[in-house]
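*Asks:* The chain contents come next:
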Amino acid sequence: MLRITCPYCGERDYVEFGYGGDAENTMPELSDTDIGRWADYVFFRNDPKGEHAEFWHHQHGCRQWLRVVRNTVTHEVISVRPASETDAPTQGKQVEVA
Amino acid sequence: MTHYSAFSLFKEALRGNKGWSRAWRDAEPKPAYDVVIIGGGGHGLATAYYLAKEHGITNVAVVEKGYIGGGNTGRNTTIVRSNYMIDGNTSFYEHSMKLWEGMSRDLNFNVMYSPRGQINLCHSPAQMDAAMRRGNIMRMNGIDAELLSREAVMKRVPILDYSANARFPIHGGLLQERAGTARHDAVAWGYARGASARGVDIIQGCEVTGYQWDRGRIVGVETTRGPIKAKKVAMAVAGHTSHMAKMAGLRLPIETHVLQAFVTEAIKPVIDCVVSFGAVHFYISQSDKGGLVLGGDLDGHNSYGQRGDLPIVEENMAAAKALVPLVSRLQLVRHWAGVMDMSMDGSPIMCKSPVEGLYINGGWCYGGFKATPASGWCYAHTIATERPHALNARFTLDRFHRGYQIDEKGMGPTPWAH
Amino acid sequence: MTSQSHRLKTGGHIDRSKAISFRFDGRAYTGFAGDTLASALLANGVMLVGRSFKYHRPRGIFTAGIEEPNALVTMRSGARHEPNLPATKIELYDGLEAFSQNRWPSLKHDAMSFVDLFSKAFAAGFYYKTFIGPTQGSWMLYEKFIRKAAGMGDPTTQPDPDRYEKANAFCDLLVVGSGASGLASAITAGRAGLRVILVEDDAVPGGSLLAAANDPKSAGWLTAALAELAALPNVKVMTRTCAFGAYDAMTFALLERVSDHQKVPAPHQPRQRYWRVRAERAILATGMIERPIVFGNNDLPGVMLASAARTYANRHAVAPGKRVVVFTNNDTAYAAARDLRAAGADVAVVDARARISAALAAQTTAAGIAVHLGCAVGRANGGRHVRSVDLVPIDLRNPQRSRIRQRLACDLLAVSGGWTPTLQLLGQRGSKPVYDEKTAMLAAGKIPEGFDIAGGAAGEFDLTAKIESGVRAGLAAAAACDQAQAAQGRSLLEGLPAGTTTFNIEPLWLVPHPLNTRPKKRFVDLQHDVGADDIELAHREGYVSVEHLKRYTTLGMANDQGKTSNLNALGIMAGIRGRPIGEVGTTTFRPPFRPVSIGALTGPETGLHFRPIRRSPMHDWHLAQGAAITTTGLWQRAWYFPRPGESKSDAYIRETAKVRQSVGLTDVSSLGKIDIQGPDAAEFLNRVYVNGFLTLPVGRARYGVMLRPDGIVMDDGTTSRISEHHYFMTTTTAGAGKVMSHLEYLLQTAWTDLRVHVTSVTGQWAGMAVAGPRSRELLEKVITDIDFSDDALPFMGVCHGHAGDIPVRVLRISFSGERAYEVYAAAGYGQELWQRFHDQGKSCDLVVYGVEALGALRIEKGHVAGGELEGRTTLADLGLGKMASTRKPFLGSALMQRQGLTDPLRPQLVGLELAASEGTLRAGAILCDPATRYSRSFANGSPTLVNNASGASARDFTPGNGSGHMGHGIGFVSSVTYSPELKRNIALGFLSGGMARKGEQIDAVSPLNGELTKVRVTSPHFVDPEGERLHG
Amino acid sequence: MADIRSALGSVYKAGPLGTPRDFPGVTLQEQSPRNLIQLSGWPDSFGAICESIAARLGIRVPVDCLTVTTHDDVSILRVGPTRLWFVCGASSARVRAFTETLGAGDAVTTEIGHSRTVLRITGSEARTVLNRGLPIDLDDRAFPENVFAQSVIHHIPVLVHRLPSSDGPAFDVYVSREYAVSFWEWLVEAAAPLGGRILESA
Ligand SMILES: Cc1cc2nc3c(=O)[nH]c(=O)nc-3n(C[C@H](O)[C@H](O)[C@H](O)COP(=O)(O)OP(=O)(O)OC[C@H]3O[C@@H](n4cnc5c(N)ncnc54)[C@H](O)[C@@H]3O)c2cc1C
Ligand SMILES: NC(=O)c1ccc[n+]([C@@H]2O[C@H](COP(=O)([O-])OP(=O)(O)OC[C@H]3O[C@@H](n4cnc5c(N)ncnc54)[C@H](O)[C@@H]3O)[C@@H](O)[C@H]2O)c1
Ligand SMILES: Cc1cc2nc3c(=O)[nH]c(=O)nc-3n(C[C@H](O)[C@H](O)[C@H](O)COP(=O)(O)O)c2cc1C
Ligand SMILES: [Zn+2]
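Residue numbers (the numbering used here), protein chains in the order written: chain A, 69 to 166; chain B, 296 to 713; chain C, 761 to 1792; chain D, 15 to 216.
Isolated chain A, as found in the complex:
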């Protein structure tokens, strides 16, 4: 059973999470009216054989969206961090937010 270590809740079965796909594709600005850029963002995905950065939503836990790096061949989870964070990856239960 694929297990993801939520930075807030600890290691959990992946069924607690919703899948969000490619996390490297960034959404254009809303004001961007370029159809090509939007279509690239919405439809065209990174789909590597190997390490993949992807979003997971801890739906049945803390309801946080996470950015997970995972190997798509071995399913090994390499790092997990909150989706909103862009700095170094964190893993493990103790995350002090305050």
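FYI, nobody ran anything at the bench for these hints, they're computed from the structure.
Any given hint could turn out to be false.
Derived pair list, reagent style DSS-like, types lysine-lysine, alpha-carbon separation capped at 30 Å [stated by the list, open to error]:
(1) C:Lys904 / B:Lys563
(2) C:Lys908 / B:Lys450
(3) B:Lys306 / C:Lys904
(4) B:Lys306 / C:Lys1281
(5) C:Lys908 / B:Lys563
(6) B:Lys360 / B:Lys524
(7) C:Lys868 / B:Lys563
(8) B:Lys313 / C:Lys880
(9) C:Lys908 / B:Lys393
Note that the structure is predicted; figures quoted are calculated from it, not measured.
Given chain A, work out where chains B, C and D with the ligands should sit, using these hints.
*Replies:* Chains B, C and D with the ligands only, in chain A's frame:
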């Protein structure tokens, strides 16, 4: 090539089966071909067969990294149907169905195409309405369809749960009588035999590891058995489409996902058609050997792992028992998985790629087995004539930018929901 | 037959004081506690137990374990009837009932056994070569017969009366297998303080120790080991439990057979329990499985694995034969020979090797056993049981056909062709075994992270070596879990003799047919009746890769998954191809390691519990009122409230009419409800909704539509502004979860600068709609502290107040087009509030209505819902194009502009009604232009659709079915209802050209019903199009 | 005030459960409705909010998402990085009064008490029964007192809180109200083989 018939079977049996010859030649790669097809699945082999048969192009190699039919062709739940509704899909899949109907005779290889009927169950009035719409479109396109009432489903498939205990009561279903199953391996072998007899080289144990380029154009492939030049390179690699496209510098509207399948012990016949649950993604049929073949949803995350995880095993088994209570005391003997090329609208992509010399055939999602003959037929046409056939004209790559998705399920760009 | 004619007087792990009676094929027998069905049958001299899959050949008991390919029986009767269980794994219980399979009319006289005579024509893959013509239907014709002939056993069609449980467990170390090595691992790790789970498929721990001759040293070791384990509180021993799967992240699936060894489970007790164990580490101490040698008639009853014969003798005190021939190519079978001799049988050993060690020779001769070296069993003879074997000389370096040298009479032929470590669980993790030439074994390849192997699984044969390897693995696990200091295991080896067990195998896969006799079938896969000839044929036809071999012959694809046959097949194929076995490769191991009942994997998720049910706070009330219930996603909702004798349409038509006449009350609790708060909430809503939300004042609600990023409509609902920074959003029932995740996604990934929190409050609020001209009157009765005048609470107004002591939130919004209110109260008050409306409603002529009437009311008003929001429609398609703000971007605004989505020919929402008094309006009917009938043409070689009127050719198509309309039409009917207000059927639909075609007559065709109906295009706003009632 | 109606109204029956035992393996009891107030803030100012909670209400806010702190009849569960649940009895007024002093820019609150049904599971087999569905390690080391977890049982979202108890393990399970009946049916079925008792609702 020995012609197959009841007579030859009998004759050879008397000779201790010593007289049979190889079904296809095990070819060594030549330095160059007119067309190199990457992927010895049903689609690649069928493409080679129709290139030779319909277009007279026989200087063709099918290059397979493992053994032919070892990809999704050899691991799918073998459902063949053409109950499609969206323009662009309907005629394509019906054309495929027509080819299925003549395939065994065309190939002189019994692919056990067994039109035993397929029923999509409905569990709410809204689903009945949707089935009505689909069935009507099918009929208007010359595809057989029948809307069954609850009672009619009951009569046809008595072993489903019609009790008050059913969580999702059966309201009725959409039946396609000509739909059914076929023997997956035989499709690969039959096309290989037919293609090989027409001069196509089938090269197994040969992985394409890159492309040969000449001024921005692809002119051949690098393989684990050396370079092979080709005027045209056509990929038909299903679950490896994104990966092979990436090697050519392309990013596609495709995600690769794992899909599992399951088989029980062989039992005497209990279910005589294919039944799809309408409440969750799940379907069941019985193989000729007697095993119940079960399939359902994706594991739900990008994967090239070709093995499935427990939650989906549980989901599928629970769905099996919810739909067909008698499976409770039957046993699962094996479960396996394939890697699926899930496209963003659930429909395939078959066209010339933006890279000169390279052709794309992928994005078949759950449904590419049934497409095998038409896919080969249309892909051969596209490769030979440099133009799509009318049947695959809509399976373009630019449809996403242009807003012409072929979204059979209305799920939008969430490939794991198709 | 005398009772237990083959039972030994002494010895064995059985309890002779507990006699057990059972039935096989209706005949009564007795056995003892500690017996399996197989051992008890053998004890009673029953050797023929089944017929084979394809050729219906008589078959007996071949093994003593999970690898059994032959002795599959059907257990129990009635609702507990269950086919295809190996007799070797069935524990005997009083009253056990079992039946043989695949035979008719009886096991002895099976009508289908003639198939065996024609077996040559039924060789591997015969079906690919015939049944091809002459017509398309030929195969279907033959297939019927093939299907009937295939398959083993029948399932019951009665519902399973037993319960199944699921369970979760966590541990530091999972040890699989309780043989000497597994016990040593568990004890060592247990002493170090690890949380250990030890699983054993058998009913009792001990593994192959139980099959050993009763020597006090090893028996004493076992007793002491088990006692220590029992005393370690951190070690949990689970017997009758099979680890059948190894999955991602060290998760293991186990099947515990809780009460299969009883006639029926005790009250409340499950039959089986399925475990998911998450372990830090795992040690596979799964032992080995013996494999046979392939020779003529090797499937005769009475042919058995040597280890099985030994197990029956030592563990079950059964003499499986009185005159025994042991056929081997290695040393291990000599132990079986000696033990069978000790049990009183006449024993001879046929050893294919040219020589054996002097020590072994001496020991064997001393036991009174004759040894025939350099010989093989060329074939076995007998009808329904082996009577003799023919020996042929053999040179293992170059096996050739040769003449029969000698015939030995026997009633048991015990075979050992070598051993295969049980590495399936590693294989499931993608670790391919590698072939070891020296031991002729498939040994572990790369061992995945977290795993270890010990004992037989690691290729050990000797007891001391097995224990040593178990201790080593246990210590390693402890070290990996940071418990190294405390660990110790040495004492487990105290007093054990140095290892003496030898193996010395010289591989032999297939014995050539003896010369000058008719070749007999040589089976490789007994369960699927795959013979050596089939492998040869596969090779001849080019199916040489092991994977093709498997698929062409079906070898290894039966219930036993080739546990005794895979390696022989590889050996034979390698021989034919002249390649080393290592190069030929192996097929993939997949879960489950042993067959697992689907009931167990399902656990309690069955029947009505297949999925949990979501219920509204008023659900009980609805049920008490006799409401019909319908399913929407996971929700159960009141569909309609029939009065005695009323049909569904009677009921909903009455309910609908009453709402428009006086007032109705309906339950809308299943709507998704989202609490949205924060200083940027307005901005956020403004981005996700197509229409503007910045200007919505406090105390007001607005209808909003949101798009998916691809520009297609995702969901709709109303959002009210409760206070400056506080909004309350409702979504569709089906869309609730999706919308909630979507909003969180946007806030946490794309728009992290927005200070907004969203919380699902679907369960917090009971919602009810009060609709109809008298709704205000009713509200005023129940809610007394709110001014319901139009000035104080206009259309789209929101306010808070009380219904007596119940706080309520009231939204004046309407889905029905009538003056209407949605009233929300905290869920725990929902039913009470509902009851108050109901009670007070008596004087206002109140009707309670369900979702069917709700649907009718909204169709009358042209409100879109599920049938229209079907994942492919745009705002413009829904006639809502004007809602989209042009002053701001919103999610989906870019891609909504794509050519395909702005195509003026896209079907748009219209109203439809019958053009004549005849005909049926049907949801799902296809709209077609009466003027544009098509026909097909084959110009240019491909089928084309040609417009009969204009001659223009349209896109490609396949021939239609004759209603005159073909192709995909120009739209469809999405929702239909009877309108009591208009006294006729009305519909919503999508039509190319949309409202520009108002008044036109269109064809609605439904070939499924053979109908072509003329419909007139109307406004989708059937009732009160000006919206006067909303306000009036 | 009108009575808060239990979501289990139609199915809850006190009495013995399953296999009779000398002592019950599992005891189940529905808890009285909880005041449940959710407070959500933003990372930049959440620390300050936590400090003022400590100062004004006298309860330290747990640092860690899996722990509960309690003072008097108020417990704080940190259910997300910047999200707290106040579970309170009579002191709810105090908590509400406090939250009303917060500006929307600092933190927002949502009442969710009615959306959860709370069930107490105690007895020697409490862990066993929970683990029939709950994929969380309940061992003392991994799941000590005053720890909670949000997860799923039988496809139903739950929050499981291990209570301090001198009398064997005790858990409060918060179940979404809509699912309460399904969850209850699952629970009773799972507990039956272990033997036990259903107590009158608290
Ligand atoms: C579990 C499961 C159930 C399914 N059920 C159905 C069903 O019921 N009905 C249905 O219609 N469809 C079904 N499908 C889908 C269907 O199986 C596939 O869409 C279809 O078989 C694809 O065929 P293919 O020939 O394109 O691909 P494949 O058969 O996968 O062939 C692709 C080949 O390319 C080879 N390859 C890849 N990369 C390279 C390389 N670099 N060099 C050389 N060779 C390479 C692979 O080894 C493989 O053999 C199912 C799929 C799965 C996994
Ligand atoms: N009988 C002989 O003459 C003889 C001679 C030499 C060697 N051997 C073999 O040497 C081997 C070495 O002994 P060992 O201690 O390593 O093993 P073992 O055979 O003593 O114990 C292995 C145990 O693991 C259990 N097991 C296997 N897979 C399992 C699973 N997936 N889930 C649960 N239980 C499972 C089996 O039921 C068995 O009891 C034995 O296999 C034995 O057969 C036997
Ligand atoms: C329709 C179908 C039926 C199958 N039936 C069986 C079966 O009866 N027994 C079996 O062992 N495997 C069966 N398989 C599975 C194959 O053994 C194998 O798992 C599958 O082809 C995938 O290959 P792999 O497991 O080698 O990766 C079946 C596969 C398919 C596609
Ligand atoms: Zn979390």
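*Asks:* Given the hinted pair B:Lys360 and B:Lys524, is their alpha-carbon gap at most 30 Å?
*Replies:* This hinted pair holds, its Cα atoms lying about 17 Å apart.
*Asks:* Quickly compare the C-alpha distance for B:Lys313 and C:Lys880 to 30 Å and report which way the hint goes.
*Replies:* holds, 11 Å
*Asks:* Next pair to validate is B:Lys306 with C:Lys904; report whether the Cα-Cα distance is within 30 Å.
*Replies:* holds, 25 Å
*Asks:* Given the hinted pair C:Lys904 and B:Lys563, is their Cα-Cα distance within 30 Å?
*Replies:* The hint holds at about 11 Å.
*Asks:* Can the restraint linking B:Lys306 and C:Lys1281 be considered satisfied, given a maximum Cα separation of 30 Å?
*Replies:* holds, 20 Å
*Asks:* Given the hinted pair C:Lys908 and B:Lys393, is their Cα-Cα distance within 30 Å?
*Replies:* holds, 28 Å
*Asks:* Sort out whether B:Lys563 lies within 30 Å of C:Lys868, counting only the CA atoms.
*Replies:* holds, 21 Å
*Asks:* Hey, C:Lys908 versus B:Lys450, does the alpha-carbon distance stay inside 30 Å?
*Replies:* holds, 20 Å
*Asks:* Hinted pair, alpha-carbon criterion (30 Å max): C:Lys908, B:Lys563. Please report holds or violated.
*Replies:* holds, 6 Å
Figure legend: structure checked against the earlier numbered hints; every hint is met.
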